[in-house]
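A.B. asks: Going down the list, the protein sequences come from chains F and L. To get the working numbering, take the position in the first sequence, counting from 1, and add 30. To get the working numbering, take the position in the second sequence, counting from 1, and add 30.
Hints in this document: simulated from the structure, not taken from any laboratory. Every value quoted in this text rests on a predicted model; they were computed, and no experiment measured them. The C-beta atom is built at its ideal place from N, Cα and C for all residues, glycine as well. Be careful, since some hints might not be right.
Cut-off 25 Å, straight-line C-alpha distance, at most; resulting in silico cross-link-like pairs (DSS-like, lysine-lysine) [said to hold, decoys possible]:
#, chain 1, residue 1, chain 2, residue 2
1, F, 43, L, 211
2, L, 200, F, 41
3, L, 265, L, 327
4, L, 87, L, 200
5, F, 43, L, 200
6, L, 41, F, 87
7, F, 151, L, 43
8, F, 127, L, 43
9, L, 119, F, 41
10, L, 127, F, 119
11, L, 151, F, 151
12, F, 124, L, 211
13, L, 151, F, 41
14, L, 151, F, 119
15, F, 211, L, 43
16, L, 241, L, 224
17, F, 127, L, 41
Listed next, the stretches of chain F that the computed footprint assigns to chain L, with coverage defined by at least 3 CB atoms under 8 Å from CB atoms of chain L [said to hold, decoys possible]:
#, region
18, 38-46
19, 76-83
20, 107-120
21, 135-145
22, 156-166
23, 243-256
2 protein chains.
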Amino acid sequence: MNELDFERFLKNKFSFTRGQGIGDDASVIYSEGTQQLITTDLLIENVHFRLRDIEMKELALKAIAVNLSDIAAMGGIPHYFYLGLGFPKNLGIKELKQFFQGLKNGCQQWNLELAGGDFSKSSQLCISVTMVGEAEHPVYRQNAKDGDLIGITGQTGASALGLKLLLSGKSIKPWSTRHQKVVPCLQEGQILAKYANSMIDVSDGLVIDLKRILAASGKGGHLYYENLLIPRAMKRICREYHLNEYELVLSGGEDYVLLFTISPENELQLRQEKISYRVIGEIQSKQDQLTITHNGKTIQTENNGYDHFNMKS
Amino acid sequence: MNELDFERFLKNKFSFTRGQGIGDDASVIYSEGTQQLITTDLLIENVHFRLRDIEMKELALKAIAVNLSDIAAMGGIPHYFYLGLGFPKNLGIKELKQFFQGLKNGCQQWNLELAGGDFSKSSQLCISVTMVGEAEHPVYRQNAKDGDLIGITGQTGASALGLKLLLSGKSIKPWSTRHQKVVPCLQEGQILAKYANSMIDVSDGLVIDLKRILAASGKGGHLYYENLLIPRAMKRICREYHLNEYELVLSGGEDYVLLFTISPENELQLRQEKISYRVIGEIQSKQDQLTITHNGKTIQTENNGYDHFNMKS
Chain F
31 MNELDFERFL KNKFSFTRGQ GIGDDASVIY SEGTQQLITT DLLIENVHFR LRDIEMKELA
91 LKAIAVNLSD IAAMGGIPHY FYLGLGFPKN LGIKELKQFF QGLKNGCQQW NLELAGGDFS
151 KSSQLCISVT MVGEAEHPVY RQNAKDGDLI GITGQTGASA LGLKLLLSGK SIKPWSTRHQ
211 KVVPCLQEGQ ILAKYANSMI DVSDGLVIDL KRILAASGKG GHLYYENLLI PRAMKRICRE
271 YHLNEYELVL SGGEDYVLLF TISPENELQL RQEKISYRVI GEIQSKQDQL TITHNGKTIQ
331 TENNGYDHFN MKS
Chain L
31 MNELDFERFL KNKFSFTRGQ GIGDDASVIY SEGTQQLITT DLLIENVHFR LRDIEMKELA
91 LKAIAVNLSD IAAMGGIPHY FYLGLGFPKN LGIKELKQFF QGLKNGCQQW NLELAGGDFS
151 KSSQLCISVT MVGEAEHPVY RQNAKDGDLI GITGQTGASA LGLKLLLSGK SIKPWSTRHQ
211 KVVPCLQEGQ ILAKYANSMI DVSDGLVIDL KRILAASGKG GHLYYENLLI PRAMKRICRE
271 YHLNEYELVL SGGEDYVLLF TISPENELQL RQEKISYRVI GEIQSKQDQL TITHNGKTIQ
331 TENNGYDHFN MKS
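Take these sequences, add in the hints, and give me the full structure.
C.D. replies: What follows is the structure in structure tokens.
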């Protein structure tokens with residue numbers, strides 16, 4: 031049973047009559063006019079982060095930012111959030127205050143409010159954030175159309191590179207920072223909401239997240255590796271440390287850039303907007319299949335990305 | 031720094047302009063007509079439960095029910111919820127399916143929908159539920175009035191007794207069941223919303239939760255111990271196992287009955303409704319002070335109840 035099977039299991043078991051529930055970046059509660067968006071994300075110590083790699087303030091910001099990225103991927107505006115905090119005994123008031131200072135900084139940076147929460151002891155630090163926002167026209171994963179172009183608002187692989195280096199004891203900038211500091215593409219999401227047919231944030235890896243759009247839309251796709259943004263410094267560090275560049279770029283997670291599909295006509299209009307993006311592929315009618323080529327040569331990916339749900343059946 | 035200090039720290043640091051945020055059973059998002067209620071609760075393994083004491087289905091029901099109790103304490107109706115689930119590797123698909131079956135049963139029992147969530151690995155089982163509901167006239171903690179009667183919809187101490195017995199290796203019914211199975215007072219809450227001035231659910235202990243009403247309202251109170259419902263079987267088992275009855279009844283947590291204050295005139299009307307409750311005390315103007323007597327003799331409580339927030343400053 032993998033994550034997609036699990037999602038299918040849940041969607042069959044739990045229907046949602048008030049809007050669109052399980053299966054997108056955020057749920058949408060239908061209402062007249064603007065739609066309410068709600069999304070929730072967990073950050074768990076030694077799964078999503080190690081305390082030695084990140085300061086409490088940065089961690090609080092990251093817990094907010096990963097949720098903002100989900101709101102961004104729906105083309106929405108975030109408003110307020112709820113915090114569930116399981117806090118270990120070995121951390122003290124100082125760390126707790128730093129955490130809440132980070133949360134406060136996030137509120138100021140992104141114009142958010144903390145609306146409520148729950149606090150508990152815990153043996154590992156566990157952070158649950160539920161974010162509430164709104165969108166006039168939410169962009170779903172499921173509406174990719176034949177002939178759509180595939181676009182992306184930034185680079186992939188930098189966060190995974192930073193993480194790999196951190197895990198081997200090296201903190202090399204800017205890569206370690208790219209892992210610790212999530213920059214949600216809120217403005218980009220709101221612009222793209224006017225033009226894109228489908229959208230997702232790249233949280234678990236470019237390939238796995240693109241496959242989520244394809245599966246939800248019942249489409250296939252072609253990705254041109256040479257169109258991706260891969261800085262020379264990244265290529266160099268991959269060679270130096272014998273890291274697989276393809277794996278980092280295609281399957282490394284936590285990039286939090288936006289991946290979208292757009293009709294060629296709308297892409298022409300998007301060029302007039304203040305947004306930086308690249309066209310990296312196109313949607314094809316062939317169902318659920320993804321081809322990746324690098325200068326005409328097909329690439330096989332062994333590892334699709336981070337699958338949180340990897341359990342023996 | 032205790033829980034009340036912590037709440038004060040948070041309320042000072044984080045304001046909420048869209049309604050009432052931190053400091054009640056659920057947040058209230060103001061809107062025209064019906065108000066939206068949102069509340070969140072964490073359940074963490076070895077803090078809130080031990081896996082050996084509770085089945086996965088019951089645990090899922092409990093994770094929902096503690097949130098429903100918060101909605102009930104605002105006089106609200108619950109509608110849908112979000113689940114954050116940190117799931118340990120030593121549990122398998124079987125346990126996971128049982129958990130979701132419990133969730134499904136809860137949806138059917140309380141007419142709820144699962145709207146979204148997040149799943150992660152974890153070293154300890156960690157369950158975060160965020161519940162969304164609504165209330166026409168939410169009942170807050172802060173509106174207790176001089177001369178109000180203090181009422182309660184059921185018994186306290188039974189869950190704590192069940193827990194004490196479980197922790198010493200004894201599973202004696204009905205006490206163990208009272209600990210494992212939370213019955214949220216949703217209908218009672220909706221009836222009380224028409225009459226009560228203030229309300230809270232007893233989750234951390236009768237005294238600590240009553241003190242929360244008093245502190246929020248800037249009032250004092252008198253509690254008559256002899257008015258509390260204490261079944262003979264409970265008195266007997268306390269004697270048999272040398273357990274402190276006062277401590278269980280006054281400070282034992284997780285009862286999830288509703289504690290409310292009501293004007294004497296409204297209490298007369300409440301008697302006509304289909305609801306079971308007892309009058310156990312009265313609100314006095316003396317600020318923040320609580321007197322407890324048992325047949326005229328003052329009781330001093332050493333332990334107020336469960337304080338999740340107990341940290342060295």
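A.B. asks: Within 25 Å, alpha carbon to alpha carbon, are residue 127 (chain L) and residue 119 (chain F)?
C.D. replies: violated, 32 Å
A.B. asks: Given as covered by chain L, does the region 135-145 of chain F meet the bar of three residues or more with CB within less than 8 Å?
C.D. replies: holds (count 4)
A.B. asks: When you check the alpha-carbon spacing of residue 124 (chain F) and residue 211 (chain L), does it fall within 25 Å?
C.D. replies: Given that 25 Å is the threshold and the Cα spacing comes to 37 Å, the pair is violated.
A.B. asks: Would you say the region 156-166 of chain F counts as covered by chain L, given the rule of at least 3 residues with C-beta under 8 Å?
C.D. replies: holds (count 4)
A.B. asks: Under the criterion that the straight-line Cα-Cα distance not exceed 25 Å, is the pair residue 151 (chain F), residue 43 (chain L) satisfied?
C.D. replies: Cα-Cα ~22 Å, so holds.
A.B. asks: Are three or more residues of the region 76-83 of chain F within 8 Å, CB to CB, of chain L?
C.D. replies: holds (count 3)
A.B. asks: Go check the region 107-120 of chain F versus chain L for me, would you? Three or more residues, Cβ under 8 Å, otherwise it fails.
C.D. replies: n = 7 at 8 Å, threshold three: holds.
A.B. asks: Hint check: residue 265 (chain L) vs residue 327 (chain L), CA-CA at most 25 Å. Holds or violated?
C.D. replies: Within the cut-off at roughly 19 Å; holds.
A.B. asks: Quick one, are residue 87 (chain L) and residue 200 (chain L) close enough, alpha carbons at most 25 Å?
C.D. replies: Holds, at roughly 21 Å.
A.B. asks: Take the C-alpha atoms of residue 241 (chain L) and residue 224 (chain L), compute the straight-line distance between them, and say whether it is at most 25 Å.
C.D. replies: Cα-Cα ~23 Å, so holds.
A.B. asks: Taking only the CA atoms, is the gap from residue 127 (chain F) to residue 43 (chain L) under or equal to 25 Å?
C.D. replies: Holds. Residue 127 (chain F) to residue 43 (chain L) sits at ~11 Å (cutoff 25 Å).
A.B. asks: Would the pair residue 151 (chain L) and residue 41 (chain F) pass a check requiring their Cα atoms to be no farther apart than 25 Å?
C.D. replies: holds, 20 Å
The structure is inconsistent with the numbered hints 2, 5, 10, 12, 23, although it conforms to all the rest.
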